[in-house]
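Letter by letter, the chains look like this.
2 protein chains.
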Amino acid sequence: MADGLTLDSVRAAAARLYGVAHRTTVLTSAALDQHCGGHVVLKAEVFQRGGSFKFRGAYNKLSQLDAAQRTRGVVAYSSGNHGAAVALAARLLGIGAVVVVPANGPAVKLAAIEGYGAELRRYDPARESRAEVAAQIAAERSMTIVRPFDDYEVMAGQGTVGLELAARVPDLGLVLVPVGGGGLAAGVATAVKGLIPTATVIGVEPTSAADTSLSVRAGHRVSIAEPDTIADGLRARQPGELTFPITSRLLADVVTVSEEEIVEAMRFCFSRLKIVVEPSGAVALAALLVGLVPAATQTGVVLSGGNVDPADFAALMKA
Amino acid sequence: MADGLTLDSVRAAAARLYGVAHRTTVLTSAALDQHCGGHVVLKAEVFQRGGSFKFRGAYNKLSQLDAAQRTRGVVAYSSGNHGAAVALAARLLGIGAVVVVPANGPAVKLAAIEGYGAELRRYDPARESRAEVAAQIAAERSMTIVRPFDDYEVMAGQGTVGLELAARVPDLGLVLVPVGGGGLAAGVATAVKGLIPTATVIGVEPTSAADTSLSVRAGHRVSIAEPDTIADGLRARQPGELTFPITSRLLADVVTVSEEEIVEAMRFCFSRLKIVVEPSGAVALAALLVGLVPAATQTGVVLSGGNVDPADFAALMKA
Numbered sequence: 631m632a633d634g635l636t637l638d639s640v641r642a643a644a645a646r647l648y649g650v651a652h653r654t655t656v657l658t659s660a661a662l663d664q665h666c667g668g669h670v671v672l673k674a675e676v677f678q679r680g681g682s683f684k685f686r687g688a689y690n691k692l693s694q695l696d697a698a699q700r701t702r703g704v705v706a707y708s709s710g711n712h713g714a715a716v717a718l719a720a721r722l723l724g725i726g727a728v729v730v731v732p733a734n735g736p737a738v739k740l741a742a743i744e745g746y747g748a749e750l751r752r753y754d755p756a757r758e759s760r761a762e763v764a765a766q767i768a769a770e771r772s773m774t775i776v777r778p779f780d781d782y783e784v785m786a787g788q789g790t791v792g793l794e795l796a797a798r799v800p801d802l803g804l805v806l807v808p809v810g811g812g813g814l815a816a817g818v819a820t821a822v823k824g825l826i827p828t829a830t831v832i833g834v835e836p837t838s839a840a841d842t843s844l845s846v847r848a849g850h851r852v853s854i855a856e857p858d859t860i861a862d863g864l865r866a867r868q869p870g871e872l873t874f875p876i877t878s879r880l881l882a883d884v885v886t887v888s889e890e891e892i893v894e895a896m897r898f899c900f901s902r903l904k905i906v907v908e909p910s911g912a913v914a915l916a917a918l919l920v921g922l923v924p925a926a927t928q929t930g931v932v933l934s935g936g937n938v939d940p941a942d943f944a945a946l947m948k949a
Numbered sequence: 631m632a633d634g635l636t637l638d639s640v641r642a643a644a645a646r647l648y649g650v651a652h653r654t655t656v657l658t659s660a661a662l663d664q665h666c667g668g669h670v671v672l673k674a675e676v677f678q679r680g681g682s683f684k685f686r687g688a689y690n691k692l693s694q695l696d697a698a699q700r701t702r703g704v705v706a707y708s709s710g711n712h713g714a715a716v717a718l719a720a721r722l723l724g725i726g727a728v729v730v731v732p733a734n735g736p737a738v739k740l741a742a743i744e745g746y747g748a749e750l751r752r753y754d755p756a757r758e759s760r761a762e763v764a765a766q767i768a769a770e771r772s773m774t775i776v777r778p779f780d781d782y783e784v785m786a787g788q789g790t791v792g793l794e795l796a797a798r799v800p801d802l803g804l805v806l807v808p809v810g811g812g813g814l815a816a817g818v819a820t821a822v823k824g825l826i827p828t829a830t831v832i833g834v835e836p837t838s839a840a841d842t843s844l845s846v847r848a849g850h851r852v853s854i855a856e857p858d859t860i861a862d863g864l865r866a867r868q869p870g871e872l873t874f875p876i877t878s879r880l881l882a883d884v885v886t887v888s889e890e891e892i893v894e895a896m897r898f899c900f901s902r903l904k905i906v907v908e909p910s911g912a913v914a915l916a917a918l919l920v921g922l923v924p925a926a927t928q929t930g931v932v933l934s935g936g937n938v939d940p941a942d943f944a945a946l947m948k949a
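The listed protein sequences derive, respectively, from chains B and L. Start counting the first sequence at 631; every next residue gets the next number (this note's numbering). Start counting the second sequence at 631; every next residue gets the next number (this note's numbering).
Just so you know, these hints were derived from the structure itself, not from any lab. None of these values were measured; they are calculated from a predicted model. There could be a bad hint or two in this list.
[As the list claims (entries may be wrong)] Simulated restraints, written as ranges between beta carbons of each label pair:
id: 1; chain 1: L; residue 1: A660; chain 2: B; residue 2: S853; range: 38 to 44 Å
id: 2; chain 1: L; residue 1: P736; chain 2: B; residue 2: A797; range: 38 to 44 Å
id: 3; chain 1: L; residue 1: P736; chain 2: B; residue 2: A765; range: 50 to 56 Å
[What the hints assert, rightly or not] Here are the simulated DSBU-like pairs of lysine-lysine, each with C-alpha atoms no more than 30 Å apart in a straight line:
id: 4; chain 1: L; residue 1: K739; chain 2: L; residue 2: K948
id: 5; chain 1: L; residue 1: K739; chain 2: B; residue 2: K948
id: 6; chain 1: B; residue 1: K948; chain 2: B; residue 2: K739
id: 7; chain 1: B; residue 1: K739; chain 2: L; residue 2: K948
id: 8; chain 1: L; residue 1: K948; chain 2: B; residue 2: K948
Virtual Cβ for every residue (Gly too), placed ideally from N, Cα, C.
Build out the structure end to end from the sequences listed, making use of the hints.
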């Protein structure tokens, strides 16, 4: 596997994902273009297998394991999209998978992971560290740990989102991408800047999970308190060790949006686009809708996932 | 304009709509295929301009008005998708439009119609008949009435949904389509049966708005009491005078689904497909999901619209 993230490693990931991951559609909206004063292309990863971009990175990683590693299996820690993505990729490749999940995690999401055939290992978030639980399992069973973002092959897989966007809109001036641990942002920025050096790539995160924004300003990785945000996929407390050097070099800026702005963007997607976008998936659009970042003549926005429980969605729409 | 509905009149409508209406995407779901035991292709009219199939019929009708008719304008009665569709088509063609709406209609929908530039004429549903109000306006101002379904050109426009579905899946064995007044069902059945005579087309309506189902069984048009259903686009009290001879001849059956089954289908679309489907738009899928109609090897399902207020949707998901 490659030691680093390059346009070529993203292209290699695209070749592995060909015919396996969906080449997701892009959506446009005349109302959105008028509102923003530019043409906006929305990359709808809500339609990706497993409901988010995470499948790309997980499959790219798992498909490169050798026969011995495949036999021993993989372990991931995540109650959310990464857990489901690893479970799905493992099933497709015939690899055993353990997913470490909080005992109090949402039943719907845990059932989805189990539905893909993965073994659940519940841990108590108050007493245990999920990374340590995963490390212990990996050591005991000689399993390969699949990190959610701090892995060049995971990043390369996520970067195929940017590759497809740049292929679809060759004159992209601006790309907005959600930032959690930074895997998607690093991958997309590497692909887009590699193909279109003049394009500006900007990261977006919730104001209450501004670890990357703060780190970029500080010039080094800053750790924040446990974030309190509805964007459950973006609750990283600090940027990744491997992602941060890439995002801090390639992103022109990292901006933040409020919880209310995230909900408004979800509502726009529901009412105007007729698609379901989860809170984490809506932050990039939120930044554009509120005018935090002015649109370019051609702007790409990553809607990174659509896994939100109908009841949770209902509560947000009513509030 | 044609006196009757034929495959050729649907084809002519398609030519008029080319480059104006969206040729909407089709969606598929491995989970749905497995559940149904056949391949299911969902025609996503939620992505149509104005958020429902209604734009097709309205534009096909309005685009054929002569210069004098265009100058005098059009009038429609509907607080829902037909009203918005006529308003949008009129704006695109530079035609004045009056839309007769209930004074107590949902503010969001009335605002949408007004947003497309149509003149609203509010009436009191307790005291007035909307058809009579529209007829009076048409007489006073020499305007053309655009009926929501009982018009061959409106039906031909809606039929382009079937034309696109049959072109996309040439070996369709079964098509499920929502039935309100019968315009969509008549158009789709004419197109599908015209292109694929072996295909079975089945209509679906809410149990509490079973006017077409009862009429088909009676052999003549039956009128029912004011329907009480969340499927606000399917509240016709009796089949159309022009639509019924067509639907009763071409539909193999008309089946009914409960309110709960409609909500379940909406939830499936939200959770699994990540798209927003309004109650009326979900009835055909509901019939398939509950096994009321067994899937064919290739089944087409029309998801006819996605205009549902987020707060109303929230209330349905929580119930």
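Hints versus structure:
Between A660/L and S853/B the beta carbons are some 40 Å apart, a value that agrees with the proposed interval 38 to 44 Å. Roughly 42 Å separates the CB atoms of P736/L and A797/B, a value that falls within the hinted 38 to 44 Å. A C-beta distance of roughly 55 Å is found between P736/L and A765/B, which places it inside the suggested range of 50 to 56 Å. With a CA separation close to 22 Å, the supplied pair K739/L and K948/L stays within the 30 Å bound.
Restraint check: the Cα-Cα separation between K739/L and K948/B comes to about 18 Å, which is no more than 30 Å; the hinted pair holds. Straight-line distance between C-alpha atoms of K948/B and K739/B comes to about 22 Å, which keeps the hinted pair within the 30 Å bound. Proposed proximity of K739/B and K948/L is supported: the alpha carbons are some 18 Å apart, at most 30 Å. Under the criterion of a C-alpha separation no larger than 30 Å, the hint pairing K948/L with K948/B is consistent with the structure, at around 10 Å.
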